[in-house]
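Those protein sequence lines, which keep their order, are chains A and B. Each residue of the first sequence is one higher than the last, beginning at 55 in our numbering. Each residue of the second sequence is one higher than the last, beginning at 55 in our numbering.
A few of these clues could be false.
[To be verified] Pairwise CB distance ranges (calculated):
hint: 1; chain 1: A; residue 1: Pro98; chain 2: B; residue 2: Arg67; range: 28 to 36 Å
hint: 2; chain 1: B; residue 1: Asp144; chain 2: A; residue 2: Glu224; range: 39 to 47 Å
hint: 3; chain 1: A; residue 1: Gln81; chain 2: B; residue 2: Ala147; range: 29 to 37 Å
[Said to hold, decoys possible] Calculated from the model, a selection of chain B residues having no Cβ within reach of chain A, i.e. all distances over 10 Å:
hint: 4; residue: Leu66
hint: 5; residue: Pro89
hint: 6; residue: Glu107
hint: 7; residue: Asp125
hint: 8; residue: Asp139
Calculated directly from the structure, the hints in this document are not laboratory data. Yeah, the Cβ is synthetic: ideal placement off N, Cα and C, and Gly gets one too.
Number of protein chains: 2
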Amino acid sequence: MDSRTRMVDTTLRILRSQGVRATGINQIVRESRSPRGSIYHHFPGGKEQLVLEALRVAGEAVAGKIRGALDAHADVAAALRAYIDGYAEDIRASDYRRGCPVANVAMDAAATSPAIRHACDEIFAGWAAPIARRLEREGRRPKDAAALAEFVISTLEGALILCRARRSTEPLAGVAARLETLLGAGGANGVGGSGPRTGARPSAAGPRRRGTSGRPR
Amino acid sequence: MDSRTRMVDTTLRILRSQGVRATGINQIVRESRSPRGSIYHHFPGGKEQLVLEALRVAGEAVAGKIRGALDAHADVAAALRAYIDGYAEDIRASDYRRGCPVANVAMDAAATSPAIRHACDEIFAGWAAPIARRLEREGRRPKDAAALAEFVISTLEGALILCRARRSTEPLAGVAARLETLLGAGGANGVGGSGPRTGARPSAAGPRRRGTSGRPR
Chain A
55 MDSRTRMVDT
65 TLRILRSQGV
75 RATGINQIVR
85 ESRSPRGSIY
95 HHFPGGKEQL
105 VLEALRVAGE
115 AVAGKIRGAL
125 DAHADVAAAL
135 RAYIDGYAED
145 IRASDYRRGC
155 PVANVAMDAA
165 ATSPAIRHAC
175 DEIFAGWAAP
185 IARRLEREGR
195 RPKDAAALAE
205 FVISTLEGAL
215 ILCRARRSTE
225 PLAGVAARLE
235 TLLGAGGANG
245 VGGSGPRTGA
255 RPSAAGPRRR
265 GTSGRPR
Chain B
55 MDSRTRMVDT
65 TLRILRSQGV
75 RATGINQIVR
85 ESRSPRGSIY
95 HHFPGGKEQL
105 VLEALRVAGE
115 AVAGKIRGAL
125 DAHADVAAAL
135 RAYIDGYAED
145 IRASDYRRGC
155 PVANVAMDAA
165 ATSPAIRHAC
175 DEIFAGWAAP
185 IARRLEREGR
195 RPKDAAALAE
205 FVISTLEGAL
215 ILCRARRSTE
225 PLAGVAARLE
235 TLLGAGGANG
245 VGGSGPRTGA
255 RPSAAGPRRR
265 GTSGRPR
């Protein structure tokens with residue numbers, strides 16, 4: 055791992071467990087075992103630039119996992135269940151130290167720059183977008199699909215906070231079960247707003263089905 | 055305001071905008087304009103005791119608002135809509151600086167004591183409890199009611215994070231609309247788990263109805 059990558063990785067690891075205000079350049083220097091001058095060489099913008107880069111990496115990693123789960127599952131409910139199961143495993147493996155770096159940074163919004171706040175906003179939107187697209191393909195109206203996808207992201211971020219307080223992944227499991235009902239059957243239960251459009255193709259994603267259990271393991 | 059209350063209030067105000075790790079006793083001393091010795095006189099347990107006391111105050115304040123909204127509205131969906139509307143107003147009024155102190159502290163779970171983490175868990179449970187009780191009265195099974203109430207708390211906490219990142223209360227408004235559909239009609243849409251029990255009294259809360267708009271203003 056080159057030294058620039060190591061600095062970003064260290065920043066990201068720190069931001070998983072604490073907010074941006076508590077994170078100082080000294081801690082990044084120390085934990086990445088980088089000379090201070092080297093950090094400013096790679097990141098002339100200092101802490102802000104490092105945080106933005108760490109957020110970008112985290113945002114893309116999560117977006118990739120969400121897209122991967124959607125690609126591997128025929129319906130959005132099963133995809134989210136698989137994504138959430140994997141996420142719960144990560145949290146347990148980290149002994150509940152590992153939170154969402156984007157949420158941790160957004161929490162400190164008052165203490166961060168407009169650029170950082172805006173990056174968090176864009177990342178959340180980037181996570182919701184593929185879910186919204188899939189919901190549209192399942193027959194939801196674009197506006198409903200977007201609102202429902204944002205609801206999913208909100209719910210997951212909140213459940214993660216409850217998990218860390220309880221040192222249990224129960225809240226995430228509960229949310230997964232609830233979302234499965236909420237999103238299942240292409241919105242046929244009517245909770246997704248106005249329900250499927252007339253002429254919707256509820257099995258549009260069918261050909262890619264790789265199983266019905268919703269678990270890729 | 056006596057000096058002890060001022061110290062707790064200051065701690066709470068600070069924890070609304072940042073995590074517990076970033077919050078030092080020096081900042082509390084400075085911002086509450088209290089002599090350092092006086093803080094340790096009132097709070098021999100130092101920062102941990104102050105944080106616990108601030109969390110207790112915040113937890114009770116929110117629980118009181120939730121109970122108040124439930125008392126003022128015939129159905130849980132309208133009550134939550136009223137609560138969320140008020141909360142969105144608070145956030146806007148604070149120019150998006152005001153987050154949830156309990157979530158901010160829980161986010162820093164890895165950096166806090168088991169006592170603080172446990173207090174956060176208990177507070178979240180205390181917010182969900184009156185919602186769960188009302189959902190039971192609306193005909194849900196106890197287990198479904200509890201799971202759905204926890205889902206509501208997760209969703210609100212997550213939406214708040216998105217609001218702060220976007221500097222907009224749109225995510226909360228979106229969540230409110232979605233929860234209204236999800237919780238409306240006493241769970242008749244089946245998304246609340248197994249739906250209403252046989253013999254449910256969907257209008258049990260009817261006599262207290264003060265209007266149907268769901269908005270107490």
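### Query
Are all beta-carbon distances from Asp125 of chain B to chain A longer than 10 Å?
Its Cβ never comes within 10 Å of chain A, the nearest being 25 Å, so this holds.
### Task
Look at the Cβ atoms of Asp144 of chain B and Glu224 of chain A and judge whether their distance stays inside 39 to 47 Å.
violated (29 Å)
### Message
The output says Pro89 of chain B does not contact chain A. Does that hold with a beta carbon cutoff of 10 Å?
### Response
holds (26 Å)
### Query
Does the claim that Leu66 of chain B lies outside the interface with chain A hold up, using a Cβ gap greater than 10 Å?
Consistent with the label, Leu66 of chain B stays out of reach of chain A, its closest Cβ about 15 Å off (over 10 Å).
### Range agreement (Cβ of Arg67 of chain B with Cβ of Pro98 of chain A, hint 28 to 36 Å)
Since the Cβ atoms of Pro98 of chain A and Arg67 of chain B sit about 35 Å apart, the hinted range of 28 to 36 Å holds.
### Task
Please confirm whether Glu107 of chain B is truly not at the interface, meaning its C-beta sits more than 10 Å away from all C-beta atoms of chain A.
holds (18 Å)
### Non-interface claim for Asp139 of chain B versus chain A (Cβ beyond 10 Å)
holds (17 Å)
### Task
Starting from the range 29 to 37 Å, see whether the pair Gln81 of chain A and Ala147 of chain B falls in it by beta-carbon distance.
Given range 29 to 37 Å: holds, Cβ gap about 34 Å.
The structure does not agree with numbered hint 2 stated previously, though it agrees with all others.
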